Amino acid sequence: MSDLRSSIETAESGRRRWPWITGASVLAVLLVAGIGFAVTRGGEAGAAAGDSGAPVRGGTLQFALIDYQRSPDIHWGTNYAESLIGNNVTDKLTWQDPRTGEITPWLAEKWEYNIDLTEYTFHLRRDVTFSDGTPFDAAAVKANFDQYVHGDEKLGINPNGAVLLPGYVETATPDAYTAVVKFEKPLASFLQASSFTANAQPGFLSLNTLELSAEQRTDPTKIIGTGPFVYESWEEQVKTVLVKRPGYHWAPPAIGHTGEAYLDRIVFNTIPEASVRTGSLASGTVDATLDVGTTDEKPLADQGFTIISRGVSGTAIYFNFNSQLFPTNDIAVRKAIQLGWDRTAVEKTVLTGSYRIATSVLADSVQGYADYSNSVLKYDPAAAEKLLDDAGWVEGTDGIRAKDGKRLQLKLLGINNLVVNKPAYESVQQDLQKIGIDLQLTVVPIPDYAAQIAKAETDWNITAANRSRNDPAALNLVYAPTLGNSSYLAEGKSTGIDIAEVSDTLAKLETTLDKTRRDAYTKAAQDLLLEKYALVNPIYNPSQVIAHSPKVHGIIFDAQSRNHFVDAWKTK
Amino acid sequence: MLRYVTLKVGRALFVVWAAFTVTFVLLFVLPANPVDLLFDPAEINSIPAEVRERVAENYGFNKPVILQYLDRLGHALTGDFGNSVQSGRPVVTAITDVLPSTLVLAAAALVLAVLIAFGIALVATATRRPWLRDLVEAWPSGAVSVPVFLSGILMLQIFSFRLGWFPSFGDDGWRSLILPLVTLAVPVAGPIAQLLVRSFRTEFAAGYVTTSWAKGATRSGIIVRDVFRNAALPALTIAGVTFGNLIAGSVITETVFARKGIGRMTQTAINTLDVPLVAGIVVLVAATFALINLIVDLICPVLDPRLRAALTAGAPA
Chain A
1 MSDLRSSIET AESGRRRWPW ITGASVLAVL LVAGIGFAVT RGGEAGAAAG
51 DSGAPVRGGT LQFALIDYQR SPDIHWGTNY AESLIGNNVT DKLTWQDPRT
101 GEITPWLAEK WEYNIDLTEY TFHLRRDVTF SDGTPFDAAA VKANFDQYVH
151 GDEKLGINPN GAVLLPGYVE TATPDAYTAV VKFEKPLASF LQASSFTANA
201 QPGFLSLNTL ELSAEQRTDP TKIIGTGPFV YESWEEQVKT VLVKRPGYHW
251 APPAIGHTGE AYLDRIVFNT IPEASVRTGS LASGTVDATL DVGTTDEKPL
301 ADQGFTIISR GVSGTAIYFN FNSQLFPTND IAVRKAIQLG WDRTAVEKTV
351 LTGSYRIATS VLADSVQGYA DYSNSVLKYD PAAAEKLLDD AGWVEGTDGI
401 RAKDGKRLQL KLLGINNLVV NKPAYESVQQ DLQKIGIDLQ LTVVPIPDYA
451 AQIAKAETDW NITAANRSRN DPAALNLVYA PTLGNSSYLA EGKSTGIDIA
501 EVSDTLAKLE TTLDKTRRDA YTKAAQDLLL EKYALVNPIY NPSQVIAHSP
551 KVHGIIFDAQ SRNHFVDAWK TK
Chain F
1 MLRYVTLKVG RALFVVWAAF TVTFVLLFVL PANPVDLLFD PAEINSIPAE
51 VRERVAENYG FNKPVILQYL DRLGHALTGD FGNSVQSGRP VVTAITDVLP
101 STLVLAAAAL VLAVLIAFGI ALVATATRRP WLRDLVEAWP SGAVSVPVFL
151 SGILMLQIFS FRLGWFPSFG DDGWRSLILP LVTLAVPVAG PIAQLLVRSF
201 RTEFAAGYVT TSWAKGATRS GIIVRDVFRN AALPALTIAG VTFGNLIAGS
251 VITETVFARK GIGRMTQTAI NTLDVPLVAG IVVLVAATFA LINLIVDLIC
301 PVLDPRLRAA LTAGAPA
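Chains A and F, in that order, are what the protein sequence lines are. All residue numbers for the first sequence refer to UniProt numbering, where the first residue is 1 and numbers rise by one. All residue numbers for the second sequence refer to UniProt numbering, where the first residue is 1 and numbers rise by one.
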């Protein structure tokens with residue numbers, strides 16, 4: 001700055017002092033006061049309202065969840081929002097009792113099957129209509145199953161149900177209210193599939209909807225089901241609004257609800273951020289929220305909110321061992337891993353009361369589940385070390401064992417879609433380190449997982465995932481060499497494993513619906529997978545957790561842990 | 001002049017085409033298969049091969065990559081980007097559906113950001129107290145370093161959950177715009193303010209300011225009448241960068257505030273390898289980017305007499 005200028009400027013009289021300081025300090029004081037006020041005002045939300053009593057009719061339930069429906073078409077979908085909303089817009093042939101796993105009537109009043117389990121005859125209710133007024137009958141069942149399994153290329157509809165109903169041949173309609181569903185091979189799990197409520201579910205759509213292309217089905221008002229609610233609107237990324245279906249009176253008898261839904265309307269709000277979901281619940285903007293994080297459960301319960309949950313039925317979150325790849329091709333290593341990690345540490349540091357440590361490859365809500373927590377699925381580091389010693393694994397200088405100069409290191413591929421996964425795996429990793437096993441974790445988002453799984457046979461020792469299907473035949477789907485083959489069983493490569501034995505044992509799960517026999521087959525399958533060949537190390541049972549205001553009642557968790565709102569109500 | 005315009009327009013078109021092509025290549029180089037992502041990840045192993053093939057056929061993923069590319073490029077030229085793999089909706093509808101929401105947010109955030117930036121520059125230049133100048137000048141780098149998701153969640157905690165002044169999510173008129181708008185404006189204001197502070201300082205030291213002083217003008221008079229006009233022009237040249245910041249910021253802002261918008265749609269589309277949707281969004285963003293830079297390039301000669309003189313003399317820009 002030139003001297004000339006400074007002299008001019010300093011010569012200028014200070015007639016106008018910029019009021020910066022005053023301004024800035026006022027602003028600062030206001031800001032501090034505001035924050036202070038805000039902080040002291042917290043923590044007065046959610047005081048208990050009237051306790052339960054007679055259900056109240058009417059009202060809108062504001063529900064928050066992490067995902068949104070990418071299309072209102074309920075036949076496709078891979079996320080929870082899609083299956084959850086689909087369940088309230090459409091009905092299924094049968095209802096699986098979430099407590100007993102038993103299949104009970106819904107749109108089908110009764111059913112029988114042939115001895116081979118290749119033909120299932122359903123006798124339908126005669127008083128059910130779609131919300132466009134057309135009747136629900138055998139023709140509707142046939143049209144739905146045909147399109148669900150085969151898709152429709154001209155309409156751009158994918159074969160969404162092909163995985164659920166393998167070997168589907170056709171549906172015969174001997175009369176207007178009898179549907180006979182036929183399969184190529186025995187398919188005992190079809191009875192459970194007829195009640196299936198998870199992703200890409202067999203809910204029934206009106207014939208008018210089935211004629212529409214994938215593009216036309218993005219208009220929610222054209223997605224017509226028989227369910228207790230109908231679509232009012234669907235806004236991608238934001239929300240789906242359902243309204244009560246007048247005249248609905250065919251809820252599953254097993255849930256004990258007669259007549260229409262209590263609520264007038266449900267708004268499913270998509271809120272991706274966990275702290276915004278819980279904050280919105282605490283401030284009363286939403287009445288209930290799904291996808292409650294483990295660390296949020298206790299604070300919300302302390303504020304007076306009700307936490308409800310149900311373990312996901314199907315398999316536990318498991319480590320599936322690659323039976324071909326070094327070093328998981330050694331049964332001693334697989335068994336040592338089963339014994340080598342501390343269950344109570346995971347339970348105490350990672351899980352909440354809503355989750356449980358796995359005691360079998362199946363969740364305990366699945367029929368035929370057996371408990372292995374006293375045999376192979378317990379923490380016994382001494383036994384694990386002995387197994388490794390006997391198999392010739394010697395501890396090296398870095399504390400990791402080795403055999404023939406090769407380190408005992410394993411690569412695990414997992415998905416980070418559940419917040420509990422990574423910390424749980426890390427706890428296992430630390431324990432295994434102590435007995436000389438180097439477990440290397442790669443826990444990634446779904447697209448990366450999907451990309452890697454294609455190379456899992458040659459690249460990954462362990463894949464970690466789970467399967468949501470409340471039927472013991474899930475084991476066949478996941479492990480049968482001709483189906484999921486999650487242990488990568490192959491003749492000549494999976495040493496020490498009788499592959500025909502695995503195939504036969506698992507295939508039996510599809511051959512009977514006699515409870516005693518099926519339970520025995522289920523036990524045999526678990527024995528084989530967990531004890532004899534140690535192909536899997538189950539970790540924990542995931543759970544769906546909802547926190548809701550004390551004003552909300554009657555949210556149902558079904559056998560797949562999806563929610564139904566037909567019986568839900570809200571005190572004013 | 002004509003040559004200048006043709007050159008700039010040509011460059012803009014090239015940028016859009018290149019963005020389309022690079023995106024296409026990237027999506028195909030990624031190891032994941034878009035077909036797999038239409039199924040439950042736990043089921044991927046058990047999907048029968050023929051089902052996989054049929055689904056691939058439905059979307060044309062079974063054709064050779066080069067044919068897919070030419071096919072998509074040809075359709076894109078006519079404004080048809082196909083249908084989203086994940087929802088089945090036409091890409092153009094999906095985008096135009098969420099675009100207004102992002103535009104409103106971005107435009108409002110831009111206005112606020114510019115106001116903040118000029119405020120900072122004016123204070124920093126006008127004040128005669130060094131500590132205040134230092135404080136204000138530190139603000140832009142501070143604003144850029146606070147992650148948007150953090151400031152967004154803090155704002156929600158205070159103004160929505162505690163005070164209840166604004167809704168915490170959704171799209172509910174102007175009240176649900178305030179918090180995301182402020183969250184987004186703060187980091188966007190940073191670079192603009194930084195640039196303005198510097199150019200205000202340079203201009204304030206220029207010769208004509210001394211002349212004004214000599215003529216007896218007051219400090220505030222000089223800043224408003226002389227410095228402001230000359231120092232504001234450089235801010236225009238970073239319009240492109242600003243636009244980039246707005247888009248990047250909107251991904252997180254829209255997620256935190258659960259608003260619909262292009263930012264969130266981009267993120268989902270990439271996560272699910274929704275090739276047609278990603279291509280549509282990229283072309284939209286690239287075209288906007290190119291257009292903004294084109295406008296700036298064309299406007300600068302109008303505003304700056306020196307550039308105009310150079311162009312009319314026929315010299316390359």
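Worth double-checking, as some hints may not be accurate.
Unchecked claim - In silico DSS-like links for lysine-lysine, alpha-carbon gap of 27 Å or less:
(1) A/K434 - A/K532
(2) A/K222 - A/K154
(3) F/K215 - A/K455
(4) F/K63 - A/K154
(5) A/K532 - A/K572
(6) A/K142 - A/K222
Bear in mind the hints are in silico, worked out from the structure with no lab data behind them. Note that the structure is a prediction, hence the values are computed from the model and not measured.
Broken hints, by number: The structure breaks hints 3, 5; every other hint is satisfied.
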